[in-house]
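J.: Those protein sequence lines, which keep their order, are chains A and B. For what it's worth, the numbering used here labels the leading residue of the first sequence as 1, then goes sequentially. For what it's worth, the numbering used here labels the leading residue of the second sequence as 1001, then goes sequentially.
Calculated from the structure, these hints are not laboratory results. Quantities reported herein were computed from a predicted structural model and do not represent experimental measurements. Where is the CB? At the ideal position from N, CA and C, for every residue including glycine. Some clues are possibly wrong.
Unchecked claim - Derived lysine to any residue pairs resembling SDA-like cross-links, with alpha carbons at most 25 Å apart:
{"id": "1", "chain 1": "B", "residue 1": "LYS1271", "chain 2": "A", "residue 2": "GLY162"}
{"id": "2", "chain 1": "B", "residue 1": "LYS1449", "chain 2": "A", "residue 2": "GLY58"}
{"id": "3", "chain 1": "B", "residue 1": "LYS1485", "chain 2": "B", "residue 2": "THR1444"}
{"id": "4", "chain 1": "B", "residue 1": "LYS1449", "chain 2": "A", "residue 2": "PRO47"}
{"id": "5", "chain 1": "A", "residue 1": "LYS160", "chain 2": "A", "residue 2": "GLY177"}
{"id": "6", "chain 1": "B", "residue 1": "LYS1449", "chain 2": "A", "residue 2": "PRO31"}
{"id": "7", "chain 1": "B", "residue 1": "LYS1203", "chain 2": "A", "residue 2": "GLY177"}
{"id": "8", "chain 1": "A", "residue 1": "LYS160", "chain 2": "B", "residue 2": "LYS1485"}
{"id": "9", "chain 1": "B", "residue 1": "LYS1391", "chain 2": "A", "residue 2": "LEU9"}
{"id": "10", "chain 1": "A", "residue 1": "LYS160", "chain 2": "B", "residue 2": "LYS1385"}
{"id": "11", "chain 1": "B", "residue 1": "LYS1385", "chain 2": "A", "residue 2": "GLY177"}
{"id": "12", "chain 1": "B", "residue 1": "LYS1177", "chain 2": "A", "residue 2": "PRO31"}
{"id": "13", "chain 1": "B", "residue 1": "LYS1271", "chain 2": "A", "residue 2": "ALA182"}
{"id": "14", "chain 1": "B", "residue 1": "LYS1385", "chain 2": "A", "residue 2": "ASP280"}
{"id": "15", "chain 1": "B", "residue 1": "LYS1271", "chain 2": "A", "residue 2": "TRP163"}
{"id": "16", "chain 1": "B", "residue 1": "LYS1385", "chain 2": "A", "residue 2": "GLY58"}
{"id": "17", "chain 1": "A", "residue 1": "LYS160", "chain 2": "B", "residue 2": "ALA1274"}
{"id": "18", "chain 1": "B", "residue 1": "LYS1203", "chain 2": "A", "residue 2": "ALA182"}
{"id": "19", "chain 1": "A", "residue 1": "LYS160", "chain 2": "B", "residue 2": "LYS1449"}
{"id": "20", "chain 1": "B", "residue 1": "LYS1177", "chain 2": "A", "residue 2": "GLY177"}
Stated by the list, open to error - Covered by chain B, according to a simulated footprint, are these stretches of chain A (three or more residues, beta-carbon under 8 Å):
{"id": "21", "segment": "125-134"}
{"id": "22", "segment": "206-216"}
{"id": "23", "segment": "289-297"}
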Amino acid sequence: MNRIVLRRLAQVIPLVLAVIVLNFVLIHLAPGSLFDVMTAEQQISDPAMLDQLRHTYGVDQPTWVQLAKYIWSVMRLDLGFSYRQNAPVLNVIMDQLPATVILMLAATSVALLVGVTAGVLASVRVNTIWDNLISLAAVFFFAAPSFWLGIMMTVLFAVKLGWFPVGGMRTIGAGNGAFADALDVMHHLVLPATALGLFYAATYARVMRASMLEVFRLDFVRTARAKGLSPARVVLAHVMRNALLPIVTLLGLQLGTILGGSVVIEAVFSWPGIGSLLFDSVMSRNFPMVLGVLVLGSLLVAVANATVDLLYLRLDPRIRAR
Amino acid sequence: MSRFSRRDFLITTAGAALASSMAGAALAGLETPKRGGTLIGTWGGFEPQSLFVPPGGGSSPYFTSTKVLERLIRLTVDLKFEPVLAVDIKPSADFKSYTIKLREGVTWHDGNPFTAEDVVFNAMQYWKPISAGVSLDTLESAEAVDPLTVVLKFKAPVPEFFLKSVLAGKSGLVIPKHIYAGSNIITNPINNTPVGTGPFKVKEWVRGSHVEYLRNEKYWNPGLPYLDRLVIRWWRDPASRAAAFEAGQLDIGTFNPIPMPDIGRLTSGGKFIAETKGYANSAWVTTIEFNQRRDIFKQREVRQALLQAIDRQFIADTVFFGRARPSLGAVHSSNAIFFTKDVQDYPFDVKKAGKALDAAGFPVKGGSRFKLSLVSAGWFEENIKIGQYVKQAFEDLDITVDLAVPDRATSLKRIYSDYDYDVAISNNSGSIELIPSTTQYYTTDGIVKGAAFRNATGYSNPKLDEIVAKMTVETDEPKRIALAKDFDRLATIEGPLLPMVDLEPVTIVRSDVRNHSATADFMGESWAELWLDR
């Protein structure tokens, strides 16, 4: 087990290096630069001022020097300074990271709960009206654009019924202690987490159903039934546990994308997360910010992968660390 | 529609403008403003990169910084200058120096007094080198005569309206010397929590969500501001802003906050008002420009023919749902001082345009007259549709069009840095004063490679340069207006770049929000006098 963790963590260094170099090159290949965007927004045309800014932003140096400098600073755990936000990259990311993590974890929980339950139900009642309804719902939530779903939920639950706020993460200026604050965030979280969660739930439901049906046909299930175990125990303890492996794989992949957030859901619900930050940074060619998010993202992917490997071990002891 | 036609009166007759403003004043006088309350506002764009961006930074930081930072004077919606931090600004007889008398008893949010030294610092260290740029090229010195008097000296005569426009404009914000002196103004961390003299103090900025301001209890204007608290929140999605209005979680949104088709639905119940006042000093247009580095566009007749092939009314009605009007000339029609109807018009006429191209030596050969690349800047959604429409319009003239709608950064680079286009569709927002925001698109000194929103066509005409040079130093107001009209006439008949449609942005506001839209540039209004009738 320790070996798995160590091996995964050893992969982090080349991964981060590759992420930096690749994205640095990509963003410099894209037409336009942060310098162009900033000076255009600021309407600067004085050549002396342009030169001063070029120097401030460090774009007066050759590209490879900029790259080397960036790698050197990341090695010292410094993600650089974003002139666009006029703040250190790490501070800006840390300002918005908690919101994204909360939203994605909540959405993933909704997805897991709804998806796995629906998948199990559909497989147990295979080819009945239940199965068909669940399949229909899964296709619907998978195919419905999440911005549309988000807006429709806002119109119904926030505008018409007034149960939930229209976006945001906190009631502005509320501040009544940690417990009230947590409740307030949860109140704001319901709609975006559901809108995003139902989209992922659709995939989980489909995968879980297929996986369950496959395990149902195996010999040990027949044995379990022959032993006289109750149907519920057969489904929950024997079939479900064995059918969970593909779900864990999916979950691992999805956890890796957490930092990307969901630009669309964040936009609809004005959730102060990192997805919008990343999007804006790409649009303004703000490479220190883009790279900062991606470097943190690659670390998260490595950690998520190691966790998934450990979960495999727990679920299926036959998979041994080689 | 009658509600929106108010501005038409403003433009056409001075009498109506006077009447409407007097009616407004009378109405405001009848009601006693109420103190207190929280206002939640937004605008039709995204969060700013920083709450205050010293060189400008676009509409979003302008919106957030002007609640905190003030200017010496402001321009009201009926185009009169009103005192803010300065009580009086007087030119000398030769217009080469101006004496500015400052308001007494003004303090910065941190308690330090606001003095003439601050204004001297702003003039020489901030406005001239950073924010105003070429506008204050001739500024020679600023001197504090006493703690409340500053004298600005210029190398050449400066028209009074011009200087006051600069001071009341986007570049005239007054920043504290004691905080900025000796630092790099552009990267000073205080820009994320600006300290000013304004009616509101920054309490907290939650990135990605909102900024919260509290009432400045020591504001120099006693009794103001009326609000206790101001929150500016950002939604990235126009439909979500409409939902927030309907759910009662948003009070005011400037600059087209919600989808155009929703405006009618929201305002029909009487709970919300759509207001078009307050955009004259930042008047947006969608422009078309012809790259003069291409041989075909060196002929004026070709540019004019292409201008004639575009149905501007169609763009206004279909793309902007009627919230735009066909442009006439180079000056926005809401510019009550410099706009003139006496310019070359380009009525939509494909046949005439075709004949003009035939005569100019571009007959249809093998199904096409010539091929051109059309770049439509992708920063506004409307530009995608306009690009597609203009492509079709040119194809009706048997021109082969290669359309590209690149993203923001790429558009800036192709149009303003690389000049990599034949015909470009772009936008700009001009102030009432035409120098430099409008003239720099036509003058030779407007050609600055890599500097955006300037003369990217490479058009150069000594006659036009001369008119603008005269305007720069003409201190007699009527003569200056006549020169501006000469400029407009020449620019329009030459047509290297012309506005196609004048945009008419809308403010959506709850009907219980009072005293909004008092200045000619509402995005930059401090909102001190705004109050809630609840």
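J.: For each hint, tell me whether it holds in the structure or not.
T.: Right, here's what the structure says about each hint:
1. LYS1271/B x GLY162/A: Holds. LYS1271/B to GLY162/A sits at ~17 Å (cutoff 25 Å).
2. LYS1449/B x GLY58/A: With Cα atoms ~20 Å apart, LYS1449/B and GLY58/A stay inside 25 Å; holds.
3. LYS1485/B x THR1444/B: 19 Å, holds
4. LYS1449/B x PRO47/A: At roughly 10 Å apart (the allowed maximum being 25 Å), PRO47/A and LYS1449/B satisfy the hint.
5. LYS160/A x GLY177/A: Roughly 30 Å between the alpha carbons, so the hint for LYS160/A and GLY177/A is violated.
6. LYS1449/B x PRO31/A: The hint holds at about 16 Å.
7. LYS1203/B x GLY177/A: Distance of about 18 Å is within 25 Å: holds.
8. LYS160/A x LYS1485/B: Violated, at roughly 53 Å.
9. LYS1391/B x LEU9/A: With Cα atoms ~54 Å apart, LYS1391/B and LEU9/A exceed 25 Å; violated.
10. LYS160/A x LYS1385/B: Cα-Cα ~33 Å, so violated.
11. LYS1385/B x GLY177/A: With Cα atoms ~50 Å apart, LYS1385/B and GLY177/A exceed 25 Å; violated.
12. LYS1177/B x PRO31/A: 39 Å, violated
13. LYS1271/B x ALA182/A: Between LYS1271/B and ALA182/A the Cα gap is close to 33 Å, so the pair fails against 25 Å, i.e. violated.
14. LYS1385/B x ASP280/A: Holds, at roughly 23 Å.
15. LYS1271/B x TRP163/A: 21 Å, holds
16. LYS1385/B x GLY58/A: Answer violated: LYS1385/B to GLY58/A is near 37 Å, above 25 Å.
17. LYS160/A x ALA1274/B: 22 Å, holds
18. LYS1203/B x ALA182/A: Status holds; Cα separation ~22 Å.
19. LYS160/A x LYS1449/B: 53 Å, violated
20. LYS1177/B x GLY177/A: 39 Å, violated
21. 125-134: Per the Cβ count (0), the hint is violated.
22. 206-216: Coverage by chain B is violated here, the residue count being 0 at a Cβ distance below 8 Å.
23. 289-297: Per the Cβ count (0), the hint is violated.
In the structure shown, a violation is registered for the earlier hints numbered 5, 8, 9, 10, 11, 12, 13, 16, 19, 20, 21, 22, 23, in ascending order.
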